[in-house]
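Engineer: Chain by chain, the residues run as shown.
Number of protein chains: 4
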Amino acid sequence: MADASAKIPYSLNSKKVAEATTFWLHKRGVTLEEIAELVMLLQKKYYPNLTMEECVHNVEMVLSKREVQNAVLTGIQLDVLAEEGKLLSPLQDMIENDESLYGVDEILAFSIVNVYGSIGFTNYGYVDKLKPGVLERLNDKTTGQIHTYLDDIVGAVAAAASSRIAHRKQAEREQELGQPHAPEDLEAASRKAATDKLQHE
Amino acid sequence: MADASAKIPYSLNSKKVAEATTFWLHKRGVTLEEIAELVMLLQKKYYPNLTMEECVHNVEMVLSKREVQNAVLTGIQLDVLAEEGKLLSPLQDMIENDESLYGVDEILAFSIVNVYGSIGFTNYGYVDKLKPGVLERLNDKTTGQIHTYLDDIVGAVAAAASSRIAHRKQAEREQELGQPHAPEDLEAASRKAATDKLQHE
Amino acid sequence: MADASAKIPYSLNSKKVAEATTFWLHKRGVTLEEIAELVMLLQKKYYPNLTMEECVHNVEMVLSKREVQNAVLTGIQLDVLAEEGKLLSPLQDMIENDESLYGVDEILAFSIVNVYGSIGFTNYGYVDKLKPGVLERLNDKTTGQIHTYLDDIVGAVAAAASSRIAHRKQAEREQELGQPHAPEDLEAASRKAATDKLQHE
Amino acid sequence: MADASAKIPYSLNSKKVAEATTFWLHKRGVTLEEIAELVMLLQKKYYPNLTMEECVHNVEMVLSKREVQNAVLTGIQLDVLAEEGKLLSPLQDMIENDESLYGVDEILAFSIVNVYGSIGFTNYGYVDKLKPGVLERLNDKTTGQIHTYLDDIVGAVAAAASSRIAHRKQAEREQELGQPHAPEDLEAASRKAATDKLQHE
Chain A
1 MADASAKIPY SLNSKKVAEA TTFWLHKRGV TLEEIAELVM LLQKKYYPNL
51 TMEECVHNVE MVLSKREVQN AVLTGIQLDV LAEEGKLLSP LQDMIENDES
101 LYGVDEILAF SIVNVYGSIG FTNYGYVDKL KPGVLERLND KTTGQIHTYL
151 DDIVGAVAAA ASSRIAHRKQ AEREQELGQP HAPEDLEAAS RKAATDKLQH
201 E
Chain B
1 MADASAKIPY SLNSKKVAEA TTFWLHKRGV TLEEIAELVM LLQKKYYPNL
51 TMEECVHNVE MVLSKREVQN AVLTGIQLDV LAEEGKLLSP LQDMIENDES
101 LYGVDEILAF SIVNVYGSIG FTNYGYVDKL KPGVLERLND KTTGQIHTYL
151 DDIVGAVAAA ASSRIAHRKQ AEREQELGQP HAPEDLEAAS RKAATDKLQH
201 E
Chain C
1 MADASAKIPY SLNSKKVAEA TTFWLHKRGV TLEEIAELVM LLQKKYYPNL
51 TMEECVHNVE MVLSKREVQN AVLTGIQLDV LAEEGKLLSP LQDMIENDES
101 LYGVDEILAF SIVNVYGSIG FTNYGYVDKL KPGVLERLND KTTGQIHTYL
151 DDIVGAVAAA ASSRIAHRKQ AEREQELGQP HAPEDLEAAS RKAATDKLQH
201 E
Chain D
1 MADASAKIPY SLNSKKVAEA TTFWLHKRGV TLEEIAELVM LLQKKYYPNL
51 TMEECVHNVE MVLSKREVQN AVLTGIQLDV LAEEGKLLSP LQDMIENDES
101 LYGVDEILAF SIVNVYGSIG FTNYGYVDKL KPGVLERLND KTTGQIHTYL
151 DDIVGAVAAA ASSRIAHRKQ AEREQELGQP HAPEDLEAAS RKAATDKLQH
201 E
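Chains as they are written, first to last, in UniProt numbering: chain A, 1 to 201; chain B, 1 to 201; chain C, 1 to 201; chain D, 1 to 201.
What the hints contain is simulated information worked out from the structure, not anything from laboratory work.
Treat the hints loosely; a few may be bogus.
Here are the simulated DSS-like cross-link-like pairs (lysine-lysine), alpha carbons at most 30 Å apart as the crow flies [stated by the list, open to error]:
id: 1; chain 1: B; residue 1: 27; chain 2: B; residue 2: 15
id: 2; chain 1: D; residue 1: 141; chain 2: A; residue 2: 86
id: 3; chain 1: B; residue 1: 44; chain 2: D; residue 2: 141
id: 4; chain 1: C; residue 1: 86; chain 2: C; residue 2: 16
id: 5; chain 1: A; residue 1: 131; chain 2: A; residue 2: 141
id: 6; chain 1: D; residue 1: 15; chain 2: B; residue 2: 129
id: 7; chain 1: A; residue 1: 129; chain 2: C; residue 2: 44
id: 8; chain 1: C; residue 1: 141; chain 2: A; residue 2: 169
id: 9; chain 1: B; residue 1: 86; chain 2: B; residue 2: 45
id: 10; chain 1: D; residue 1: 15; chain 2: A; residue 2: 86
id: 11; chain 1: C; residue 1: 44; chain 2: A; residue 2: 141
id: 12; chain 1: D; residue 1: 169; chain 2: B; residue 2: 141
id: 13; chain 1: B; residue 1: 131; chain 2: D; residue 2: 169
id: 14; chain 1: B; residue 1: 45; chain 2: B; residue 2: 169
id: 15; chain 1: A; residue 1: 16; chain 2: B; residue 2: 45
Quick look at which bits of chain D chain A covers, simulated, 3 or more residues with Cβ under 8 Å [to be verified]:
id: 16; segment: 13-25
id: 17; segment: 63-76
Example chain B residues on the side facing chain A (calculated, C-beta under 10 Å, incomplete) [stated by the list, open to error]:
id: 18; residue: 12
id: 19; residue: 26
id: 20; residue: 65
id: 21; residue: 170
id: 22; residue: 173
Beta carbons: idealized from backbone N, C-alpha and C, even for Gly.
Based on the provided sequences and hints, a complete structural model is requested.
Structural biologist: Now the structure itself:
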């Protein structure tokens, strides 16, 4: 039996990775709405008509990227193991105490922001410093829970969603101006159609 | 007149940015086919049925991203100014001589690779070191031309296109296996449809 | 003559690169003290006894790194050329208007922050968003001056200096506790001695 | 007792972090000499007189950086847990199989390379693709051992050490030419003196 199963080559199931991402965010107490609220906080100044629905949609699109899912799952895994005291010393201590010279959490966060380009760097740093909304709760050190990674990851997803919105809004603006469109815009339009279809099915 | 025009707020025209990217790559002597050949070199080992048409398409998709266009235009601009001797010393000398401790060209290249995630890091480093095909020509220091930036940018676009192919091939594989699909796959499918439509119009 | 000079191989003069960095920061209206004030703003909360002298020293040390000098010189060069209207369209427009989807300035800034590791990401984003002190002046769009790059670079140097301080303060703390020291600490100590010597000569 | 200990604030012990890094590299079967051999492979072409002793020294200096130690410890931790089957699915499968769309290992590797700047990007990609020496052994999938992270980390340490050598050699060259020196060079000299002293004690 073991032989037989050993011969089946490993094949990634993307849907499982996507589902695990949603599952673990939820299990660690973070809702998409809370992340969307960070996006709204960052973007309402630039787009007064921005709706919470749009923010949630953009958070979902960020979370549908494999690069993002990898970072979320890896970060939450390290938080969970630190909470259970199962990491090797001194890594256990550094993650447990969110040690100020330990920056691998920021590195993972940046891999998320980077997917939508460098324009999100600033937004990430800003929310990570101010810790509004859900980030304040994740940073509460009195709960016994450890969110050294998740804290940064949530801020990064919000920053990435903000970048995504900035790109999309520019495309919309140009379409309204009747400017001829670049392939990327057409893609965005068809993507939106596909997503809308998906959501209404 | 000047007053009037001064009052029109600046509005980015994405199509112009996209067109300038294509124009300048061409003007600096790089064809999409040459970049696609680097992609083929990097990927044929993993996907024996990969066609040049697919490689060209993926290069085009990478080049349709704003983040990529920004890096291409900025890099070529610095190459052109260095060629004309118009940069301030010692920056002029460093770019003119592709100085080994000057790494801003690599930094711009990485912003391109990053758009499709970290899986492209290795491919970029590999082609940049071996300098196959078009990269050998761009590195010829006897022509009087300066391609300190373009050299790295072309390798980065090829690496990014390779990452894009890896993501798409995985999605195709899962569709063939009849696995239920993540939103991203649906997006990819509709995107492909939109692009095909665009190309046949 | 041309032949003779052509035969002298290019040899980088690091001192010239360092001097040009200081010269251009000054010429573009930024003093080390102003950058040090940003550092103080970011760090006084953590180190109440931190002096301006220490902040200036750490800014100087950041600026002595080649990677940082490269980014500073390249960024200022692009600002100056944009101010003179000498860049090619549409790059000219994007840099002149600090266009929100143009992120190469952030990319260069990040190469500076990165030299002292990921712990500086947050500080960079924070000052870049709030624009305290010198950053407010650099962002004043009514002066005719263009500081699209310098603005981000100054914030990045301040963030990097903050990271440097965090590393040094930890080393000092451990030395006071009489803990045996890692090679890096010894290096830091001898480096400090060398620098002090340099400053008193 | 628990109360008392709970009141002692966490204080990082840098020496323990440094020692754990050396310990875990050794325990996972990687010697400094093997990493130094990769450095030699990458650099002998540029510096024919480079000695193995210098390569080992530069590897040690890279490993003395906290940012590097954090990445090494985090990466090895994930490898070890994957080997023990203790990660959550599907992360367990992705790391166990070194899945091609999982790139967090490359992200950690890049945080190491970045400490010495972007000039090391290419070297990292090159050794990671060719897998010479120790990297071939770490990639042997028939041993039951999992080195998904360590493989990339070792290549990154070698690339970073190569960058460090490039910077130091330039400083030496300028000193030999009798050029006046930048503060960084003086630092390097005193650092070298301190290190030599350390090694002979």
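Engineer: With a cut-off of 30 Å on the C-alpha distance, tell me whether residue 44 (chain C) and residue 141 (chain A) pass.
Structural biologist: The given pair, whose Cα atoms are some 22 Å apart, holds under the 30 Å limit.
Engineer: Decide if the proposed pair is consistent with the structure: residue 86 (chain C) and residue 16 (chain C), CA atoms, cutoff 30 Å inclusive.
Structural biologist: holds, 25 Å
Engineer: For the pair supplied as a hint, residue 131 (chain B) and residue 169 (chain D), confirm whether the alpha-carbon distance does not exceed 30 Å.
Structural biologist: holds, 25 Å
Engineer: Just to be careful: measuring from the Cβ of residue 65 (chain B) to every Cβ in chain A, is the smallest value less than 10 Å?
Structural biologist: Holds: closest Cβ of chain A sits about 7 Å from residue 65 (chain B), inside 10 Å.
Engineer: Holds or violated: residue 141 (chain C) with residue 169 (chain A), Cα cutoff 30 Å?
Structural biologist: holds, 23 Å
Engineer: Restraint: residue 170 (chain B) near chain A, CB-CB cut 10 Å. Satisfied or not?
Structural biologist: Given a least distance of 6 Å, the restraint on residue 170 (chain B) holds.
Engineer: Given residue 26 (chain B) was flagged as interface, is its beta-carbon under 10 Å from a beta-carbon of chain A?
Structural biologist: The hint is violated - residue 26 (chain B) has no Cβ within 10 Å of chain A, the shortest such distance being about 17 Å.
Engineer: When you check the alpha-carbon spacing of residue 141 (chain D) and residue 86 (chain A), does it fall within 30 Å?
Structural biologist: holds, 26 Å
Engineer: Quickly compare the C-alpha distance for residue 131 (chain A) and residue 141 (chain A) to 30 Å and report which way the hint goes.
Structural biologist: Holds, at roughly 13 Å.
Engineer: Is the straight-line distance between the alpha-carbon of residue 45 (chain B) and that of residue 169 (chain B) 30 Å or less?
Structural biologist: holds, 14 Å
Engineer: Given the hinted pair residue 15 (chain D) and residue 129 (chain B), is their alpha-carbon gap at most 30 Å?
Structural biologist: Violated: residue 15 (chain D) and residue 129 (chain B) sit about 37 Å apart, past 30 Å.
Engineer: Taking a Cβ-Cβ distance under 8 Å as contact, does the segment 13-25 of chain D have three or more residues in contact with chain A?
Structural biologist: With 5 residues closer than 8 Å to chain A, the segment 13-25 of chain D meets the three-residue bar; holds.
Comparing the model with each numbered hint stated earlier shows that hints 6, 9 and 19 do not hold.
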